[in-house]
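Given these sequences and hints, build the entire structure.
One-letter residues, chain by chain:
Number of protein chains: 4
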Amino acid sequence: MIIVIKPNAPENDFNALKERLKAEGFRLNVSRGEETLVLGLIGDASKINEEQLKANPIVENVLRVSAPYKLANRAFHPQNTIIRVKDAVLGRLTPASAGAENGAGKSQLCVMAGPCSVESLEQIISVAKAVKKSGARALRGGAFKPRTSPYSFQGMGAKGLELLKAARKETGLPIVTELMSVREIDLFQDIDIIQIGARNMQNFDLLKEVGGMVKPVLLKRGLSSTIKELLMSVEYLMSAGAMEIIICERGVRTFDSYTRNCLDVSAIPYLQKETHLPVVVDPSHACGAAWMTPALSKAAVAAGADGLLIEVHNNPACALCDGEQSLTPEDFSALMDSLAVYAAAEGRRL
Amino acid sequence: MIIVIKPNAPENDFNALKERLKAEGFRLNVSRGEETLVLGLIGDASKINEEQLKANPIVENVLRVSAPYKLANRAFHPQNTIIRVKDAVLGRLTPASAGAENGAGKSQLCVMAGPCSVESLEQIISVAKAVKKSGARALRGGAFKPRTSPYSFQGMGAKGLELLKAARKETGLPIVTELMSVREIDLFQDIDIIQIGARNMQNFDLLKEVGGMVKPVLLKRGLSSTIKELLMSVEYLMSAGAMEIIICERGVRTFDSYTRNCLDVSAIPYLQKETHLPVVVDPSHACGAAWMTPALSKAAVAAGADGLLIEVHNNPACALCDGEQSLTPEDFSALMDSLAVYAAAEGRRL
Amino acid sequence: MIIVIKPNAPENDFNALKERLKAEGFRLNVSRGEETLVLGLIGDASKINEEQLKANPIVENVLRVSAPYKLANRAFHPQNTIIRVKDAVLGRLTPASAGAENGAGKSQLCVMAGPCSVESLEQIISVAKAVKKSGARALRGGAFKPRTSPYSFQGMGAKGLELLKAARKETGLPIVTELMSVREIDLFQDIDIIQIGARNMQNFDLLKEVGGMVKPVLLKRGLSSTIKELLMSVEYLMSAGAMEIIICERGVRTFDSYTRNCLDVSAIPYLQKETHLPVVVDPSHACGAAWMTPALSKAAVAAGADGLLIEVHNNPACALCDGEQSLTPEDFSALMDSLAVYAAAEGRRL
Amino acid sequence: MIIVIKPNAPENDFNALKERLKAEGFRLNVSRGEETLVLGLIGDASKINEEQLKANPIVENVLRVSAPYKLANRAFHPQNTIIRVKDAVLGRLTPASAGAENGAGKSQLCVMAGPCSVESLEQIISVAKAVKKSGARALRGGAFKPRTSPYSFQGMGAKGLELLKAARKETGLPIVTELMSVREIDLFQDIDIIQIGARNMQNFDLLKEVGGMVKPVLLKRGLSSTIKELLMSVEYLMSAGAMEIIICERGVRTFDSYTRNCLDVSAIPYLQKETHLPVVVDPSHACGAAWMTPALSKAAVAAGADGLLIEVHNNPACALCDGEQSLTPEDFSALMDSLAVYAAAEGRRL
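Protein chains in written order, with this note's numbering: chain A, 1 to 350; chain B, 351 to 700; chain C, 701 to 1050; chain D, 1051 to 1400.
Read the hints as simulated data drawn from the structure, not as lab findings. Careful, some of the hints might be misleading.
Covered, in the sense of this in silico footprint (three residues per stretch, anywhere, with C-beta under 8 Å from a C-beta of chain A), are these stretches of chain D [said to hold, decoys possible]:
(1) 1086-1092
(2) 1104-1116
(3) 1299-1312
As a list, the in silico PhoX-like pairs of lysine-lysine whose alpha-carbon atoms are at most 25 Å apart [said to hold, decoys possible]:
(4) B:LYS420 / C:LYS706
(5) B:LYS356 / C:LYS770
(6) B:LYS565 / B:LYS519
(7) C:LYS754 / B:LYS623
(8) D:LYS1120 / D:LYS1265
(9) A:LYS273 / A:LYS106
(10) A:LYS228 / D:LYS1104
(11) C:LYS928 / B:LYS578
(12) A:LYS54 / D:LYS1278
(13) A:LYS70 / D:LYS1056
(14) B:LYS479 / B:LYS515
(15) B:LYS372 / B:LYS356
(16) B:LYS515 / B:LYS420
(17) D:LYS1265 / A:LYS6
(18) B:LYS558 / A:LYS208
(19) B:LYS509 / B:LYS519
(20) C:LYS829 / C:LYS859
(21) B:LYS578 / C:LYS754
(22) A:LYS228 / D:LYS1056
(23) A:LYS86 / A:LYS159
(24) C:LYS869 / C:LYS859
(25) C:LYS706 / B:LYS578
(26) A:LYS6 / D:LYS1323
(27) B:LYS515 / B:LYS436
(28) D:LYS1258 / C:LYS908
(29) A:LYS22 / A:LYS6
(30) D:LYS1120 / A:LYS6
(31) D:LYS1056 / D:LYS1072
Glycine included, every Cβ here is placed at the ideal spot set by N, Cα and C.
Shown next as structure tokens:
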């Protein structure tokens, strides 16, 4: 950590600051330039109170040199974390482990598909069967739905979870579904992968409690969250005990509104460099339009994504939410066919 | 609501859509242009499923003509809502009521001040006394703190609430403090004004439960929330029963980072036009710097704000959070003096 | 175009507005709802003065139904525009034309590569030869450089153009280079493809004059330009006479700064749907980092881009500008190898 | 300047970098931490090639400690620059100079008003007389207009400049008008204050040539320009010779579109801290709505602005551009009355 001291700071105040930092266990390096005086801190700066430092009247600026996240940081955990839930595998295998494990030497491109919201037993079972047939490895579907308007359909709730479990029983696919409130934690104990939605990425109490469940978690990036904030939220989950975190890029908010959000495709390689955790992409929510989903899916795979989360509905024009962005089972099947060649080019199989 | 139909949409599909909308109780108005076919819906469109409409293959676009919020909408509630909590009054009085009520014919500029977080009994009582002396009408202070990093100080929790109540007893000032989780609702029954933080603006389960407490709520705008989304979150609170909502503009996120956030001063007149609820501003969090807080406070008052939320700490350089943006009690006193003339120019008194 | 009238607008004023619009040649459709009064205009609304309408005191809002761009609009020009400059071909062929033209039935993935700025004859010729050998179809390189700081290297100017032409003579590659000012138009008459940079996307006088040159133009999207604004700038070029416009997505500005810009990969399919012009991507400027360029290049191809603009420098660590984002010739060669399979999957060849 | 070296960088490469930097005249300070190795540069880093440094494979990051602008930097020019054009005075006087100069001890709040575009002799003279009567100190009006669409009214051009001069002759008000292209520089020699529009803030060739005119320049902040970029554009003008630069905040682009732009009111105190130049605000373009202009004008004055740029039109509903945001002369007169008390509170007079 680098502390830039204001020009003309009183020597006494500067000395007092140095003493205080030494007392906190840091070694110090002072560099006096022509226009500036810079103090380098040597030691673990991850838990320092940056704001308190900035409030010191002689401090001009504080610059971080190392990342504030530790458990999620690839620097301290160089090997990829591989998450396995039934037949779904998330994360890129090393060549050695790939060979040993599946004979084919290939990592999985893990596609999770299903409707925005669970609407009926017939619907969820028919979609689950269809997406499984096309090669999906997990079933996604919302039972509790975060909706901008209190007047919109809010999901089937606990009943929806039961229908998802019925579809799991029928198809063997593990379930990914969103948990919105600490009130529902008990209902989710039997869910395979717990999704934290974009609007709850910084709902820190929820993160702590879900982390304490010690289950696989799919964490969506907030609409306007920086990568650093996203990784700090991962850190909340991990420091509470959950080590199997799937990070999901789902589009960010910009000045333009021609798509619902802007898929930040660069987040894929960047997150994979910064962290050891699998990174998946939700192209459906990123663009908000079924016709654009295949192009974004292919782009995500080509950029190295470990998996995809895709909305599929048996009858999009009658979907109770997000029909505009749902593929039909036929469209999804065609997309999976076209993804195979991109997956192969990236050393993966569907 | 206006539905733009795609060129060359099959006549059958168009007729089917019309029949379905008629069945939902709308009257229709068809307008055939040279390049476009437009369908106008006459009736209450606030509860229509816009996404389902957009998922219809013959629909090009859906344009809303009227606002989707009802309870918060000034169109259906023309008179200002006035919220009174002890000596704090939020909202602009009409000339008549102002005259009748306080003789002076002036609305209050309600300043709520206090530390970012409660740290000790001595601290909170000393700050409470200081801000009261300078004219503050409510005491703000955090007991439960939302922090980006799990390694940062998370607040004193329930103990902090007790200290706030002790300060209230000592000074008579009502308390404003943040509720982060439905788990803590019982602890907040005796709090005067419940604050929902920016990161929880779309924590819909929290909104529903807090709305059900039927107490005054101060709702902060999310970091990247549109005004429409903000008003839909107000609508969540109101439709759950809480009619006394104080809307708080606290800066939004942009491409620039020279301030922590960008105070969106236009939100003040716009919200006051769209809604009947009081609008306050938090200049401290908007800029994140004590030296800039006075300029933004004055700007907010000049733009018509009903109140301010200002961070004051007895020793900013030792504050456990956000010291950089905290005023000293002396700075706060000087600011209140300088605000008086702006308040007066807006027909208000401190 | 839809005009929403304010509730309680005086009938006289409404009639006056209707008369004025009729006099401008529009047919009108009036739709009276329960809360709103809506006026639909039938006729060519592309040249209407929207701001003047909004300034009318009885007008609540004006909603456009059809796009304001005409020449760039696929609706009026359904077939892809194919741009050929020496061996470079931009745009997707129809199956029929593809077969007739090159026997292979494939469109080109047109890669344009070269250094950020021309620095010497040796440098530009060595890079040109290297990128040609790897399969590039055009040479890019800056002679006039837009730099944020007046103290940074501003490019070699006219001398740089001469060096580019020498490299063209040596390799046969057509040249793409940026024109920054109307003062230099004469110098660019012999340039193959004129680039308009992101910062000049709304330099309308430059657009008009460059449009008048009636040469192929590569127009970069502005840092914070909407797709609609981008297409209106294309419209400036086309209405001045230049029909061969290559649209370039090069990343947009967001709230996050972990990359220089955020590649907006959705712009590729969207622009190809809205317009008939070729769409290329500049991954180097989008991310600002050489290590991330391959992932973004592959993503762009997978999303359907007609070409790429990639920075290649013989010695990035000594480059006079943007070395951080330049590939070495060896890296570029490896990238081209890996792109071949993605190009093939999209029905293209390098 | 601080250079963070990658962990495990080869010692040889690190030594080579140090030698190179020493050869460029810097003194170096090496700080080895537990996780990081940091190199501090002592010397004038304003002209260093930051990108070249970042392209060095052993460099992790480069952090600037001092600002890259020099001429505009208050650190090197502590006293306010005061710009006088006829009776217009821009900049805050020191108490001493204020007393000496006008006896009243007050700085001016310089209001510049007029129509978006000049439309006729009658129009511009009538508006000029009206705004002068209400206390405006300069006449603004566009002759050359930057318009998003090529089909919109582009301004009267040279004829418009003549009409502005006629209005100046009639009223004595100095003229502020926008110069869009180096082609028109000769036409602007007799203009009092040359405006550079937001879209041309980074049209560097224009900045260089306009700087060379050595006249007062009003530079508008770009739609998505950071404060640092804005100050670098000021630096372009100043390094070319123009020392009288008026910086204009006119709203920035965000994710929300309820106003045309978001007035960044914090820019006022921040720019006044960083630079010695006067800072003015254009509330009309910031919000794009006449009804909101008074609130934003008052906020800007309260935040310390040195002046305002306000659109006034004799008949907004018939204005050829931006009628929606134009005040009538009557509204403007009322606004000026209400501004007087805010100006006085800030130690200024109209």
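Results of checking the hints against the structure:
no.	hint	result
1	1086-1092	holds (count 5)
2	1104-1116	holds (count 4)
3	1299-1312	holds (count 4)
4	B:LYS420 / C:LYS706	holds, 17 Å
5	B:LYS356 / C:LYS770	holds, 17 Å
6	B:LYS565 / B:LYS519	holds, 20 Å
7	C:LYS754 / B:LYS623	holds, 18 Å
8	D:LYS1120 / D:LYS1265	holds, 20 Å
9	A:LYS273 / A:LYS106	holds, 20 Å
10	A:LYS228 / D:LYS1104	holds, 20 Å
11	C:LYS928 / B:LYS578	holds, 23 Å
12	A:LYS54 / D:LYS1278	holds, 20 Å
13	A:LYS70 / D:LYS1056	holds, 17 Å
14	B:LYS479 / B:LYS515	holds, 13 Å
15	B:LYS372 / B:LYS356	holds, 20 Å
16	B:LYS515 / B:LYS420	violated, 35 Å
17	D:LYS1265 / A:LYS6	violated, 35 Å
18	B:LYS558 / A:LYS208	holds, 21 Å
19	B:LYS509 / B:LYS519	holds, 16 Å
20	C:LYS829 / C:LYS859	holds, 20 Å
21	B:LYS578 / C:LYS754	holds, 20 Å
22	A:LYS228 / D:LYS1056	holds, 19 Å
23	A:LYS86 / A:LYS159	holds, 23 Å
24	C:LYS869 / C:LYS859	holds, 15 Å
25	C:LYS706 / B:LYS578	holds, 19 Å
26	A:LYS6 / D:LYS1323	holds, 14 Å
27	B:LYS515 / B:LYS436	holds, 14 Å
28	D:LYS1258 / C:LYS908	holds, 21 Å
29	A:LYS22 / A:LYS6	holds, 20 Å
30	D:LYS1120 / A:LYS6	holds, 17 Å
31	D:LYS1056 / D:LYS1072	holds, 20 Å
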